[in-house]
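Protein chains in written order, with my numbering: chain A, 1 to 410; chain B, 411 to 772; chain C, 773 to 850.
Heads up, some of the hints might be wrong.
Calculated lysine to any residue pairs in the SDA-like style (CA-CA distance at most 20 Å, straight line) [as the list claims (entries may be wrong)]:
hint, chain 1, residue 1, chain 2, residue 2
1, C, 786, C, 829
2, A, 209, C, 799
3, A, 209, C, 850
4, A, 211, C, 850
5, A, 152, C, 806
6, A, 211, C, 848
7, A, 180, A, 140
8, A, 131, C, 802
9, A, 211, C, 806
10, A, 328, A, 344
11, A, 211, C, 809
12, A, 152, C, 799
13, C, 786, A, 153
14, C, 786, A, 151
15, A, 131, C, 786
Okay, the calculated bits of chain A under chain C, using three or more residues with CB under 8 Å as the criterion [to be verified]:
hint, region
16, 104–118
17, 367–374
Simulated from the structure, these hints should not be mistaken for laboratory data.
Every residue, glycine too, gets a C-beta built ideally from N, C-alpha and C.
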Amino acid sequence: MTDLLIIGAGPAGIAAAVTAAEQGASVTVIDDNHAPGGQIWRGEFHGKPWYDRFQKVKLNIISDARVIAVHGNAVVIEQGAAARTIHWNKVILATGARELFLPFPGWTLPGVTGVGGLQALVKSGLVIRNKRVAVAGSGPLLLAAAAYLRAKGADLVMIAEQVPTAALMRFGMELRKHPKKLKQAAALQLQLLGVPYVRDCYVEHATGKGKLETLQFRQGSKTFTEEVDYAAIAYGFTPETELAAAFGCEILAHGVWVDKRQQTSIQNVYCAGESTGIGGVDVALLEGELAGLAACRKPTKHLLPLLAREQHFASLLNQTFSPRPGLKHLCTADTIVCRCEDVTYQVLRQQPDSRTAKLQTRCGMGPCQGRICGPANTFLFGWEQGSVRPPILPARMATLALSMTQETSS
Amino acid sequence: MRAVIIGAGIVGAACAYELQREGFQVTVCDPGVIGGGATAAGMGHLAVMDDSPAQFALTSYSQALWRELAEELPPTAEILPCGSLWIAADAEEMAEVHRKFAYYSERGIPVEVLDSQQLAEAEPHLRPGMAGGLLMSADGVCYPPCAAEWLLRSVSVIRARVVRLAEGEVTLDRGSRLEADVIIVANGTAAVDLFPDLPLAPRKGHLLITDRYPGWLRHQLIELGYLKSAHSTTADSVAFNAQPRATGQILIGSSRQFGAVNGEIDPPMLARMLQRAFEYMPGLAQLASIRTWTGFRAATPDKLPVIGHAPGYSTVYLATGHEGLGISTSLATAKLLADQLMNRESRIPREPYLPGRSYSHD
Amino acid sequence: MIELFINGRGFFVKEGTTAAAAVLTCGTAQFRSSVTGEPRAPLCGMGICYECRLTIDGVQHARSCRIMATEGMRIETT
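Pulled out of the complex, with its shape left as it was, chain A reads as follows (with noise of 0.2 Å):
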């Protein structure tokens, strides 16, 4: 039994369990990465701002390993090939985002990856130097994204970014209220400099043949094509509510609803960072702080007014960069929307809802579990999502098979 059990080891994650655990909490952390710091600190959690609180700390962190089932006040993790169950008092989710894919004819090809997709990639091993490669799609992940491939010795061809120049220049003037996040963009221009940053431009298709080859983008009435070898491609993010949803709590279109102590609709189940709502990571880790004060019974008043100038922020981005409505006309009618099944667009936009898309095509039947074409499906069609079983991933069988009635660790 462990008093506090956080999922996931991102920036909320992190920042929940050293409050907690600095709070006299005993803290249980179950992460699917290798090492903590999530997607965005993957390998780089070292030198973090809560990279020294962190290492005060005693927790108990379970890395490689997630959870398959929820029952009770039981969770099953998975980990390797053995599976275990935990029992809590409280929770924290701490699932925080994937990227939100939107599919193009060529969109399967091997070598389009996500953005972020393509940076943990490289963070884990892939050697990426003197590759030729696009950043294409919406968001300041992109620059990031960017710069990061290029300190890795990539040959940038270019970034486009699907959002209008107007819409940009707006934005551009609200960053001026944020001088931190100013000057981070600031900092991530001079690393880009020479890549040419195209914006109001996205990537209509990929060819190649058995791998990606070409893109052909498109910049209001005119297309362009590039060779590249590899094409990091991703419209933002779209939260990872999967594992609430197991637990049973309100989901709401943009996340998970929480109150003002990052409680969800189910007592004792908190859940903070980017599963509540895409906020990026200093919302995350305030959020995260919030939740482990919050389930050591601690004050939280003092964080509401910097949680709101930083959520002020997030909903600027998100407004800025969301994906326009003509992304929806990029598949033809052969173009896969589903990976698993191979379902494509000229099917699916012949059914009424999801579930006959479901049960009559297979749309989202394989073990993404509809996790990469539910949100494509939601912004082609206006989709509702569907419903969350145990595993919450694919597991083994033997995982399914555990006992949940008692703990345990073998």
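Keeping the supplied structure of chain A fixed, place chains B and C upon it in accordance with the hints.
Relative to the frame of chain A, chains B and C by itself:
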């Protein structure tokens, strides 16, 4: 002649298809999507069973009908003629294999007895040392929601719940009424909303499906102990049942629970079901599962469906109570009803399934 | 450096490399064939898209972006 069919599951779809072929103008009403209830939740057996002579008659008649229809069904219906293998774990169950062999052979059903070694060769992932098995090579599996969709492809389907029934008329939840010469109630467990006296009980089941492992499993496998658990009409039970799917996935059941109120996964029951499966096929434990779900079978006390005139009505017919054999027996159910409507003799006796029967069980 | 085998051929990669990164770095573009036979490779890099599935040391459908390369690891694309 106009027919209204309540329920767009496999039974309603089969009735709609059959009545349309008889010249009826058919409308199907269902508050959910086509094949979205027990039809989507079930395993999609196309099996012959011999729990009772009436069950044998209905399943064997229906299997022949499925064999004919398979020629026409689209590939999405995923008809897989994999055969069923009933697994005997011990000598007692092996005696049952021989009894079944005699029963089916006498009635012209293709069956084969496998000894311990033949069984191991037929299914290499079975635990060694099983006593043997009975191969029913004419059995198969299908993907029912797409079969239902195909059966309904030229039928008018209204997305609405029928809230009231009267002679020759149904009232929908949105207030409108539909008139019909014939009304067929084929909405599974929900039939009790319209016929509270029907002896139908929802019997919850769990299923799990794996990622794709083509060739890992060759036949539908069913433990002979299944008969004991499927027979029990009171206690919760699990029994090993695994199917290869056309996709290469493996579908694993089964559990039976009475009195379960919601459709959520019951993790302890799921765990029990899987542990039972591992006793038969230990290697399953290491395969990747991608999805689990539950469904409710419409169970009757004598384990036979309810097919025929609804008591007290002249225009209303019932087609429900198919428990775990709704897919298998849907086509024969539709034939029996059509024969009744057209005043024809049926291929098999209709009496065992009539709504007014005594429902006593042995 | 770690020696591993991709479709039977030996390669050396740095320690701390995931199986997915190793396969890409060693010049294999296609990780798996989709259900209709299309070539596929990692998309998300964080363990949710299941496009990086490989057979690793005999285990099918292994999420290679979540698994560290180890000495002597045998990787098969599908």
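To test your reading of the hints: which numbers does this structure violate? 5
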